[in-house]
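The lines below spell out each chain.
2 protein chains.
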Amino acid sequence: MTHKRMAKLIDGRIVAEKVYTDLRADIAELKTRGVTPGLAVVLIGDDPASRAYVRSKDKMCRELGLHSVKLELPASTTQSELLKRVGELNRDSTIHGILVQSPPPGHIDEAAIVRALDPQKDVDGFHPENVAKLVLEDASGFVPCTPLGVQRLLLESGVEINGAHVAVLGRSMIVGKPLALLLMQKNKNGNATVTVVHSRSRDLPQITGSADIVVAAIGRAEFLKADHIREGAVVIDVGINRVEDAASPRGYRLAGDVAFDEVSKKATAITPVPGGVGPMTIAMLMANTVKAARQSAVHT
Amino acid sequence: MTHKRMAKLIDGRIVAEKVYTDLRADIAELKTRGVTPGLAVVLIGDDPASRAYVRSKDKMCRELGLHSVKLELPASTTQSELLKRVGELNRDSTIHGILVQSPPPGHIDEAAIVRALDPQKDVDGFHPENVAKLVLEDASGFVPCTPLGVQRLLLESGVEINGAHVAVLGRSMIVGKPLALLLMQKNKNGNATVTVVHSRSRDLPQITGSADIVVAAIGRAEFLKADHIREGAVVIDVGINRVEDAASPRGYRLAGDVAFDEVSKKATAITPVPGGVGPMTIAMLMANTVKAARQSAVHT
Chain A
668 MTHKRMAKLI DGRIVAEKVY TDLRADIAEL KTRGVTPGLA VVLIGDDPAS RAYVRSKDKM
728 CRELGLHSVK LELPASTTQS ELLKRVGELN RDSTIHGILV QSPPPGHIDE AAIVRALDPQ
788 KDVDGFHPEN VAKLVLEDAS GFVPCTPLGV QRLLLESGVE INGAHVAVLG RSMIVGKPLA
848 LLLMQKNKNG NATVTVVHSR SRDLPQITGS ADIVVAAIGR AEFLKADHIR EGAVVIDVGI
908 NRVEDAASPR GYRLAGDVAF DEVSKKATAI TPVPGGVGPM TIAMLMANTV KAARQSAVHT
Chain B
668 MTHKRMAKLI DGRIVAEKVY TDLRADIAEL KTRGVTPGLA VVLIGDDPAS RAYVRSKDKM
728 CRELGLHSVK LELPASTTQS ELLKRVGELN RDSTIHGILV QSPPPGHIDE AAIVRALDPQ
788 KDVDGFHPEN VAKLVLEDAS GFVPCTPLGV QRLLLESGVE INGAHVAVLG RSMIVGKPLA
848 LLLMQKNKNG NATVTVVHSR SRDLPQITGS ADIVVAAIGR AEFLKADHIR EGAVVIDVGI
908 NRVEDAASPR GYRLAGDVAF DEVSKKATAI TPVPGGVGPM TIAMLMANTV KAARQSAVHT
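Note that the protein sequences, when read in sequence, are chains A and B. The numbering of the first sequence is our numbering, which starts it at 668 and goes up by one. The numbering of the second sequence is our numbering, which starts it at 668 and goes up by one.
Next comes chain A alone, as it looks inside the complex (with noise of 0.2 Å):
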């Protein structure tokens, strides 16, 4: 029986907000110290929403009181001038955390920036030495933004992680695999029973229908349906899409992975797009960064 009620709505902003706070105080210890936390974003070209992005990083430092440097390279910009500069940033005893934004042009091999950051200033996770550390729960190590904010998500909503069983829907490098990894972590922010299900996924509505929490981060618009969880599920929803809406003055109109309309009236919590996952991870940015700094203090 499906009740018409409402699920709770799980605001990112909001959870957002707390993390901030908490940063807020981090930092100013760090300060008393000396040590000021500083992020250096690299933006190779000019796509619009790749300066988007950058824009609201580098803004969320000043907000914040971080050291923030943006450094914004022409397109043209080669592979060898690429980690030259990352390499200078490494050296930076000022920069804490790099962030190169993704995409890159075609021609920049992005693997390869990735391995030449210093891992102790990948604060995007994404180095194969953080990735590692994942695997082999080693808190010092860098998890993606992402799956980190999702994770404090819960966690600040009240939702149980510990023993729930949590369906995420994708298998992506960058959300599944690491918040597979990040939930079945043997500590009391995780130990939970995680199911990866995917495109080729068969009985996918069995599956996650049997989930506590289900996590949609598979990149189609509206997938997750009503039918597809059980009733009082919390749901998470990852994506981000374009779907085309003539009514709309752009032309479009963003939506997430999931139907939120009919799932909002199952789950029993679930977050909106935007205004869920989006303000998390770029506070999980701040958070890492401030990791960063704390890390690296500890170790001069």
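Quick caveat, the hints were computed from the structure, so don't treat them as lab data. Since the structure is predicted, the reported quantities are computational estimates derived from the model, not experimental observations. Every residue gets a Cβ at the ideal spot worked out from N, C-alpha and C, and that includes glycine. Worth double-checking, as some hints may not be accurate.
[As the list claims (entries may be wrong)] Only pairs whose alpha carbons sit at most 30 Å apart, straight line, appear in this in silico DSSO-like list of lysine-lysine:
1. B:LYS751 - B:LYS726
2. A:LYS853 - B:LYS726
3. B:LYS853 - A:LYS853
4. B:LYS675 - B:LYS737
5. A:LYS675 - A:LYS737
6. A:LYS892 - A:LYS932
7. A:LYS892 - B:LYS855
8. A:LYS892 - B:LYS892
9. A:LYS892 - A:LYS675
10. B:LYS698 - A:LYS855
[What the hints assert, rightly or not] Now the stretches of chain B that chain A is said to cover, found in silico as 3 or more residues with beta-carbon under 8 Å:
11. 788-798
12. 857-868
13. 873-885
14. 948-962
Let chain A serve as the given structure and place chain B on it in line with the hints.
Showing chain B alone in chain A's frame:
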């Protein structure tokens, strides 16, 4: 309804023989190019079980015509002495694979030893670089031998992994996690929907009971019962546990993680213990050594 028939026995010794037949051809081909794959196994101390493992690895190398080095060090070997030996093996061009027999004596920092291995010679697949390659689906990496053996056993037995729901019991770094990562990879030998179940999981019977393939790697004798699987499931038993048995001359018998007698009446195929996964683990060590030699021959 449970039928009183017996599941097909998946005989790891027969599948391992097939692997060896394939490997012999690969080795012969490498030898025509002047490359004899070489494996070094390092044993510290004189634990009887470890000695037996090392002996069987050495014996298999000789049977296949591989170059085999057995380095037996006293239990008093220091960390720095061991690191020095590892460094020598890293530089030895006749050695393509290095394995440090686990567990080393308590004063040895095993993780540091693993990190000291040349990742290209890490045929155990435990070096962080190889762990990351497994997540990132880079086929040049080495996958730990037991998970690799489980995958091969399934494939050679005609069990379809692609699209299947696989429940992996256990989330160890040696078996559970790498197996989950391997079977969820985006390729025809993967593409499974994988659930990692563990000691903290609620509703375990419900979850394993919905899986097409159940792999038990939880380290508890006869933990998985007939009630935990669905009629016709495929069951792979990774466990080797000692169970007290007064009737046995040794005072114990070996038991897997699966209650074989009852599960074999409900499963469609099942591995025995011993003679199931065990022979595959050593076969995959040989396969990884041949792969290491092949990759080094390409590089030089």
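Evaluation of the provided hints:
1. For a cut-off of 30 Å, the pair hint linking LYS751 of chain B to LYS726 of chain B stands: about 26 Å separates their Cα positions.
2. Restraint check: the Cα-Cα separation between LYS853 of chain A and LYS726 of chain B comes to about 38 Å, which exceeds 30 Å; the hinted pair is violated.
3. With a C-alpha separation of about 26 Å, the suggested pair LYS853 of chain B and LYS853 of chain A falls inside the 30 Å cut-off, and the hint holds.
4. With a C-alpha separation of about 38 Å, the suggested pair LYS675 of chain B and LYS737 of chain B falls outside the 30 Å cut-off, and the hint is violated.
5. With a CA separation close to 38 Å, the supplied pair LYS675 of chain A and LYS737 of chain A exceeds the 30 Å bound.
6. Between LYS892 of chain A and LYS932 of chain A the CA atoms are separated by roughly 11 Å; this keeps the pair inside 30 Å, and the hint holds.
7. About 28 Å separates the Cα atoms of LYS892 of chain A and LYS855 of chain B, which keeps this hinted pair within 30 Å; it holds.
8. A distance of roughly 34 Å separates the Cα atoms of LYS892 of chain A and LYS892 of chain B; the hinted pair therefore is violated under the 30 Å criterion.
9. For the given pair, LYS892 of chain A sits about 17 Å from LYS675 of chain A by alpha-carbon distance, which is consistent with the 30 Å threshold.
10. The hinted pair formed by LYS698 of chain B and LYS855 of chain A fails the criterion: a straight-line CA distance of about 52 Å is larger than 30 Å.
11. Three residues within the 8 Å Cβ limit are the bar, and the region 788-798 of chain B against chain A gives 3, so the coverage statement holds.
12. Restraint check on the region 857-868 of chain B versus chain A: 9 residues with Cβ-Cβ distances below 8 Å, three needed, restraint holds.
13. Note: the region 873-885 of chain B has 3 residues with beta-carbon separation from chain A under 8 Å; the three-residue rule is met and the coverage holds.
14. For the region 948-962 of chain B, the assignment as covered by chain A is violated, since 0 residues bring a beta-carbon within under 8 Å of that chain's beta-carbons and 3 are needed.
Against the hints set out earlier in the document, violations occur for numbers 2, 4, 5, 8, 10 and 14.
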